[in-house]
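Protein sequence lines, in the order shown, are assigned to chains A and B.
For reference, each letter of the first sequence is one residue, going 1 to 207 in the numbering used here.
For reference, each letter of the second sequence is one residue, going 1 to 453 in the numbering used here.
Keep in mind the hints are simulated off the structure, nothing from the lab.
Because the structure is a prediction, the values reported are computed rather than measured.
All C-beta atoms in this analysis are idealised placements derived from N, C-alpha and C, irrespective of residue type, glycine included.
Check the hints yourself; a few may be wrong.
To be verified - Here are the simulated BS3-like cross-link-like pairs (lysine-lysine), alpha carbons at most 30 angstroms apart as the crow flies:
1) Lys-445(B) with Lys-131(A)
2) Lys-173(B) with Lys-445(B)
3) Lys-141(B) with Lys-160(B)
4) Lys-146(B) with Lys-256(B)
5) Lys-146(B) with Lys-160(B)
6) Lys-32(A) with Lys-5(A)
7) Lys-160(B) with Lys-445(B)
8) Lys-173(B) with Lys-160(B)
9) Lys-445(B) with Lys-32(A)
10) Lys-173(B) with Lys-131(A)
11) Lys-256(B) with Lys-131(A)
Unchecked claim - Restraint-style ranges between C-beta atoms, simulated for each label pair:
12) Ile-44(A) with Ser-139(B): 41 to 49 angstroms
13) Tyr-286(B) with Leu-21(A): 56 to 64 angstroms
14) Glu-27(A) with Ala-226(B): 23 to 31 angstroms
15) Ile-159(B) with Ala-47(A): 37 to 45 angstroms
16) Val-213(B) with Gly-189(A): 34 to 42 angstroms
17) Gln-316(B) with Arg-68(A): 29 to 37 angstroms
18) Gly-194(A) with Gln-316(B): 39 to 47 angstroms
19) Asn-105(A) with Thr-150(B): 32 to 40 angstroms
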Amino acid sequence: MRQLKTSIVVAIAVITGIIVLVGYFIELPVLKNLRIMLLHFAVILIAVTLIVGVVNLVQVHWKKIQNRQSGGVYSLILLISLLVTIIVVGYFGPTSTPSLWIFSNIQIPIASSLIAVLTVVLIFTGIRLLKRGFNFFSLLFMVTVLIVILGTVSFQGFRIPGLRELSTWITHVPAVGGARGILLGVALGTIATGMRVLMGSDRPYGR
Amino acid sequence: MSNDIKPNSGTSPENGKEFEKSGEVQKSTTGQSFQDSSSDNETGQEKKTPDWLVDAIPDEKTSDNVAEKSLMQDFQEDVEESADDQSDREVEEKDLPEPVKGEREEDTIEVQAGPLVGVEGVLPVELDPFFIHEPVRRSIKLQVTKTQETQALLLDQMIKGEIESQPEVTQSKAVSNNILRIGIAIFLLVSILLPLSTRLPVTVTPPVSRDSVSANQLIESISDGATVLLTVDYEPGLSAEMDAALASVVDRMMMKDFYLVLVSTVPTGPVQAERLLVLLNQRGGYQYESSENYTNLGYIPGGPIGLLNFAEAPRQVMPYDLDGNAVWYSPPMQTISSISDFNLVVVATENPDRARSWVEQVQPKLGNTPIIMVVSRQAEPLVRPYYGSEPSQIQGLVSGFGGGAFYLSSNAQAGSSSMYWSSINLALIAGGLLMLIGAVMYTGKSLITRKPE
């Protein structure tokens, strides 16, 4: 019985995968409609997981408050913020002035602050980079960072000859070469994983 | 494996323990033979039995008969009981889960001969002599190659480094680190705020960006009032850079009176897009209104799957705008039935993966419709390969503050990109100088303190 169930699940996954994949290469109206329907199912499922995530978040933080765990105050703030945002956006609409006010004056400053802190930490780490381990690679890393940063800027009346060209060469040749390598690696990995799923040897949807 | 078990029914057995397997000698679990001669046993027993125990032994003839009878009786009772239990057992088996049921069926053995004839579920008492052998000796030495050994050593060193307790950071050290952090923050803040407050021309116009030139030429080549799909796919944290870069492009599109169709694969994207249009309306004095000049279709869930779905059937996937209006029947949208009907697609993202999803899932469906990407400086190296490929998968690239500022300057305009360009330049110089000072200082220190080997 269990084997039968597994076989059915594998068959559904393989057939779905093949239909979506074949749709990339063959333009048939029937196939296209079937493909759109399957994609609709997937999108609805993913959208539902978003709701499940929110419900889970509320449950976890509600339990924290109930059990009077440490950091329960933050959980309370989170739940209140969530509730207020839902009420405001739900009542006034997502494009209304109050909704945009919440977004512009609370969400963006908080998220931007985190990035700003990251900038300070990165410079701090850059300063102390050679303190920890002084070797060829750390030196190469530091020199590359400085060339790219100082080559990017355009300062009034001050220009080191060749620095901008070197900076552009680094960002356009070695960096892009590395990026292409990553993209090719990702593509090959995706093909391999897709083939494994299509052949039923990899079952990310269950045992 | 034979399961024929029967008591020795030849000449009367001397005791009830004596069994003989057909064709071979019955063995106990240890493989020892239980067969012995009755007479020898008799005399031997008399000889070996101590005097004080002789009287305690009952008469052999009578006792043996009684033992045999009682043993046979027990066997028969067991057989009857097991036959009675058979029906109950069948019922129980039905209730058992599948895997256990299978295992029970495998273990069930029916005895073919002897007093246990017909009884199921009996484990065989004999062991097959072929199964009794010395255990296979396996080498406990791990077979590894040189590379594996080196990698294992490296891993070991890494783990050891993590496990070893680090020397506690002294209070004075922690204070000096905090002072350094605060110093960096203040230095950066001054560098950023100085050009903004004084409007000093500390920097020159941004360097020529060929990618921005392509994007600009493309937008200029499209006739006024065209319908453009604009994707706002960036997180709020990086909105300062992305808003500035995207505003340069959208401002130009608003000047050309393009009809904008807004979508996003980020939950906060639709609000970001609204906010950007409100800002541009205020700054540029435009009167862009929802439905009249633009439509916000909202959030596309599902990442790459959602994008593919949208590219396949935009009308079916996003039938309503954020306010719940059916938008595809309004005049500017009537002509759009597939994604290739848009005149231009502009994707603004700080995430290379999202850019990749657009190129992989949507770009093949676009036909002759060009696609422009507005990306952050950090995502540029990973997006550039799509721009540099032949034929190029994206037709224009505007990256970060620099790209946005150049885009504005090429149109003889000024905006947030050019306003922040001086600040970002001075902050970059400040950061670079701080790192350079740190590098020189610590390099010198390590060269001085290095012990000669």
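Practice problem: Please flag the earlier hints that this structure goes against, numbers listed from lowest up. | Solution: Those not satisfied are hints 4, 9, 11, 12, 13, 17, 18 and 19.
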